[in-house]
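*Asks:* Sequence:
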Amino acid sequence: MTKILKALLTPGKIVHLHDLYQATNCKTFKERHNCRGCLSSLQRRGLVVSLGKCLWKGL
Numbered sequence: 001m002t003k004i005l006k007a008l009l010t011p012g013k014i015v016h017l018h019d020l021y022q023a024t025n026c027k028t029f030k031e032r033h034n035c036r037g038c039l040s041s042l043q044r045r046g047l048v049v050s051l052g053k054c055l056w057k058g059l
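Numbering follows full-length UniProt numbering, in which position 54 of the sequence shown is assigned residue number 54; successive positions increment by one, without gaps.
Keep in mind that a hint or two might mislead.
[Claimed, not checked] Calculated pairs, SDA-like style, for lysine to any residue (alpha carbon to alpha carbon, straight line, at most 25 Å):
| hint | residue 1 | residue 2 |
| --- | --- | --- |
| 1 | 53 | 19 |
| 2 | 57 | 19 |
| 3 | 6 | 59 |
| 4 | 13 | 41 |
| 5 | 27 | 41 |
| 6 | 57 | 40 |
| 7 | 53 | 36 |
| 8 | 3 | 44 |
| 9 | 57 | 15 |
| 10 | 3 | 29 |
| 11 | 13 | 45 |
| 12 | 30 | 41 |
| 13 | 13 | 42 |
| 14 | 57 | 38 |
| 15 | 30 | 58 |
| 16 | 6 | 16 |
| 17 | 57 | 14 |
| 18 | 53 | 32 |
| 19 | 27 | 52 |
[As the list claims (entries may be wrong)] Have a look at the derived ranges for each label pair, beta carbon to beta carbon:
| hint | residue 1 | residue 2 | range |
| --- | --- | --- | --- |
| 20 | 28 | 59 | 28 to 34 Å |
| 21 | 59 | 27 | 27 to 33 Å |
| 22 | 57 | 37 | 16 to 22 Å |
| 23 | 59 | 29 | 25 to 31 Å |
Just so you know, the hints here were simulated from the structure itself, not pulled from any lab data.
Idealized CB from N, CA, C, for every residue including glycine.
Throw the hints in and build the complete structure from the sequences for me.
*Replies:* Structural data, given as C-alpha cells:
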C-alpha cells in the first residue's frame, strides 16, 4: 500500500483522500484505516504533507 501511495503522490501533486481510497481499492473500514496509517508514515518521513480537508500533497 505504501508503494502505491508513494507512486500516486508525486512531488507537487495534490490528491483527495477519497481518490486515494479508490486508487488503492480500499472498501472496508480496516483497509481505509491502513491507508491512513501509510499516509501518516509517509508524512513522518517527509514525503507527503496534509493540507487539511482530506487533501494530501506529495513533496
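*Asks:* It remains to establish, for every hint, whether it holds in the given structure.
*Replies:* Consistency of the hints with the structure:
1. 53 x 19: Holds: residue 53 and residue 19 sit about 13 Å apart, inside 25 Å.
2. 57 x 19: Satisfied, since the Cα-Cα distance of roughly 13 Å is no more than 25 Å.
3. 6 x 59: holds (10 Å)
4. 13 x 41: Distance ~18 Å between residue 13 and residue 41 Cα, so the pair holds.
5. 27 x 41: holds (20 Å)
6. 57 x 40: Given that 25 Å is the threshold and the Cα spacing comes to 12 Å, the pair holds.
7. 53 x 36: holds (14 Å)
8. 3 x 44: holds (15 Å)
9. 57 x 15: holds (6 Å)
10. 3 x 29: The hint holds at about 20 Å.
11. 13 x 45: holds (17 Å)
12. 30 x 41: Cα-Cα ~16 Å, so holds.
13. 13 x 42: holds (15 Å)
14. 57 x 38: Given that 25 Å is the threshold and the Cα spacing comes to 14 Å, the pair holds.
15. 30 x 58: holds (24 Å)
16. 6 x 16: holds (14 Å)
17. 57 x 14: Holds, at about 4 Å.
18. 53 x 32: Roughly 16 Å between the alpha carbons, so the hint for residue 53 and residue 32 holds.
19. 27 x 52: Cα-Cα ~22 Å, so holds.
20. 28 x 59: 28 to 34 Å: For residue 28 and residue 59 the Cβ distance comes to about 29 Å; the hint holds.
21. 59 x 27: 27 to 33 Å: holds (28 Å)
22. 57 x 37: 16 to 22 Å: With a Cβ separation near 18 Å, residue 57 and residue 37 satisfy 16 to 22 Å, so the hint holds.
23. 59 x 29: 25 to 31 Å: holds (28 Å)
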